[in-house]
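Participant: Fit chain B to the supplied structure of chain A, relying on the hints for placement.
The listed protein sequences correspond, in order, to chains A and B. Under this note's numbering, think of the first position of the first sequence as 17, with each following residue one higher. Under this note's numbering, think of the first position of the second sequence as 2, with each following residue one higher.
Relax, there's no trap hidden among the hints.
Heads up, incomplete: computed chain B residues facing chain A, CB under 7 Å, no partners named:
(1) Arg14
(2) Leu15
(3) Gln19
(4) Met25
(5) Leu26
(6) Gly30
(7) Arg32
(8) Leu36
(9) Val38
(10) Asn40
(11) Tyr44
(12) Ile47
(13) Arg52
(14) Ile222
Chain A regions said to be covered by chain B (calculated; three or more residues, Cβ under 8 Å):
(15) 256 to 265
(16) 273 to 281
(17) 292 to 304
(18) 308 to 318
(19) 335 to 343
(20) 346 to 357
Simulated restraints, written as ranges between beta carbons of each label pair:
(21) Leu62(A) <-> Asn10(B): 43 to 51 Å
(22) Leu62(A) <-> Asp224(B): 22 to 30 Å
(23) Glu46(B) <-> Thr153(A): 55 to 63 Å
(24) Val39(A) <-> Leu24(B): 20 to 28 Å
(25) Cys42(A) <-> Gln230(B): 24 to 32 Å
Think of the hints as simulated: they come from the structure by calculation, not from any bench. Predicted, not measured: the structure shown is a model, and the values here were computed from it. For every residue, glycine included, the Cβ atom is placed at its ideal position computed from N, Cα and C.
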Amino acid sequence: MVAILQKRTLRDFDWVLAFLAIVIVCFGTIQIRHALPTEGYWVKQLIGLAIAMAVMLAVALTDYRRLLNIAPLFYVFGLVLLVMVLIPGIGLKINGQRAWIKIPGGIGQFQPSEFVKVTTAMMLARYFGKHRLQMLTWKETAIGGLILALPLVLILKEPDVGSVLTYFPILLVILFLSAIRIRLVVAGIVLGLVMLPFAYWVGVKTNLVKGYQQERINVILDPEKADRRGFGYNTWQSILTVGEGGLFGAQASTEYSQSSLKFLPEPHTDFIFAVTAGNAGFIGCIMVLLAYAILLSRMITGARRAPDRMGMLVIMGIVGGLTFQIFINIGMALGILPVIGVPLPLMSAGLASLIATFIAIGFAISVQLRRFVN
Amino acid sequence: MKFEDTSQNLRARLRAIQLLVVLMLSVLGIRLYLLQVVNGQRYAEIAQNQRIRLLPIPAPRGIIFDRDGHSLVDSRPIYNVILSREDVKGRELNNLVEPLSQGLAIDAELLRERFEEIKSQPAFESILVKQDASPGDIAWVEARRLEFPELRVEQQPQRRYPPNGLLAHVLGYVGEISPEQLKQASYKDKGLKPGDIIGQSGLEQIYDDYLRGRDGYRKVIVDSRGRIQDEIETIPPQPGQDLITTIDLDLQLAAEEQLRTSVTKRGVIISMDPNNGEILALASFPSFDPNLFSQRIGTKEGHAEYVALLNDPETPLLNRAVQSRYMPGSTWKIPMAVAGLQQGAITVDHSNLVCGGGITIGNKFTRCMGNHGTPDIKTAITRSCDGYFYRLGLKMGIDGIVAMVDEFDLNRRSGIDLPNEVVNWTPSREFKKRMQPSSPEWKDIDTVYASFGQVYDVITPISLLRTVMGIGVGGRLYIPHLFREVRPVSASGPFEYRRARTFQDLDSSRPNPKVVPIPEVIHHTVVEGMWGVVNNGGTGASIKMAGFDIAGKTGTAQVVGLGKDVGKNKDHSWFVSYAPAYKPEIALLALIENSGFGSLHAAPAVRRVYDVYYRKTRNEEPPGALPIAKTPKAAPKEVKKAGSEELAKN
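Isolated chain A, as found in the complex:
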């Protein structure tokens, strides 16, 4: 039995997915080293990769149904972590946000909100994963919203608006795949497209959207004219870094790059893509985008082949979260989206983000491994 399982496991294990994820992380680690050559973030990232690979393997080889069955436990554990992070003695305050838990032993810190994304996706998948015969009801939608809302309220306390934003796509994708009425979807999209500029206009008029937030929007609309020393600074410097990359990457030595001269802020986390674009040029960037596209497609394919609704939903929830996060982060680096502190999955330096993403990939592999079981 074990032998058969082993053989089937080897055969059905999504090696391409795992390999792709590892390659992206390794490539990202090189960029982190480029960004801050004198600091040890790249070493930590490699250690993180080792841990993440182990966790991924553990998740992949465990039956996802057993994990999803105790999803409420994970969910509650996640909430506990989010409460803990708010306690001053445990939670670490960086840049005004109490979003990290210090790991003793000098390894660094750990951001629970990244990890809770996975537990929330699991909880949502479990709730919406029952066999479905009819359209989504309002009651179900409301409960789904509540599951999402609990961690979000805690994260807002940190406060970390950027993280909060990346949670919504998880719910939206799961609702979409849980037979929400198409006309509601269409109505939502239309309303959103109409309301967004209107809401912004109202926000500006009533001063609910603050001056610096407006600046961050203005710099997107017209980066050349924006205040390049003020709130437009980050975006402008990121655009310069990306642009300097050209087709094949910048010629400037690492020592005098945009990031090492500190023109580009947060080069190893929020703006890791700008660093990559500067070093690897257009060709390198397209390769990265292609890698993400294949990775996400592989996961969607896995979801399609899932043996049950729960498995499909957990993968797709994660895909929704990842896609949105990739788009927000790179869009921000390319100056088409306002600056929001969101890490780029698999590339930004950060233990929690890395492990959480690998757990998610582990889930996808686990679901695929069991497509012929039952």
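Facilitator: Same frame as chain A, but now just chain B:
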């Protein structure tokens, strides 16, 4: 998908999501193409420019020397605390006022004003926070590198002028190029930029191209806060060319001393070499301190000092030698005598004319200061007989006087190498028309006035001396000049070799000298008259030097009508001369404003300068030296002590 339910069209919804994923990534790809491939070159340039900074290394200006190698003006390095433009762009400067004014002991209001001013100027390179910072200030800045990385200490050469306003009008001064100057092509074409220090007056202005060095720079890499990370290259500056002037410091000091101790402390003394136009001394009083412009103008006190100078009724900024016109009085008789003989109004053998104690034209009597009978031309000059020259003028007529003016270049600038020289007012029919539109016709009485240096004759001291000494050397009118030579500067880096030049190398469209054909016999006759002024009981007999024959002419320029010439409105006192009379070496002119008779004030002043010249060239006490009012030697010593370095013989 075993759990699939066609009614939920799950397959289509999954495909929709997949499509959305690809779509979002494609949007990013297109944006990347625009940023990196389409506009990459431009962004790369901007990115490089923001980390590369050119820090100018100001070049020292050339030193200005006198003819014996005494340094008159030099530059000393000072340290300025500045804010670099690149590093403070868009930042709230007012937040810096408080800590900077306290840390560097600067008036907070002044700093705030400067910050306001600079905001309206789009092209500033850096903001001067404190000039001539002390070692303590520099230490303060260095200690706050982290707190205020945008502060920088920059070395700058600062011009140092001699104390007591010595040579102020000759040397001029340097100052920052003004926004108005920057708009002019003549400055722009030289590549001058805001903040550059250029000559703004005097020799500093006229010979700025030689004196000004070529700034070097340091090309450095800075980080986002302007902290220097590395130096890519350094181009050392090329100093300016040293200028050797024709000034003789000993004579200059003597000349200034005479003016300083004069009755009104206002006037001009000029000394020239009549054989080539080299100016040995040029003093105009009252004077000013050029260091005000090179060192203090940026401070509140300095500005107040400047305003006070501008409003001073005694006009200390004015170079009276070239920028003021005076009636020459009897000194005018010298060119008149030459022209009268040349034109044949009188001849050497028959030059006697009646003095008559004056002349009556119509019903108006114009008097002579004495009654000289029927003197010849020599006696008329020696005794300064007005009556004689009234009649000579009438014989020459206005046309003859105009021809004289033209011949001696009196209606033109002397061509001296100092800025803003004014043109004389000289008699002519047009001048009368302009001056008296109610009675535009030129009359005989006008000719009388024009012939003895009043009313229609209003000229600069420099042009008068040029004429008289030109007659002294037999009719060669040299262009007065202060330029002797500039020294070469070797090539360095991108800067080319700058070659030495002498006065002859400078372009001049005017003939130098202008030759006035004066027959020897006429020359001899007039010189004899001038010799007699000092040596034959003439109006300047009090300054006679045995063995060093001064030829000269006194003059008294009326300031107001006769009888009112007392106190502040006293006549200007002139003495114009050269020596020795028959072998000219040196020419000297003195004008003491509102002091009265020329023989009383101007002549002794000139004599004391001759004494200094005599001692210097003959190495012995001048015969019959005048009692020294204030030891002339005291002043030079004082100057030399005050700036032993700058005046040390080179």
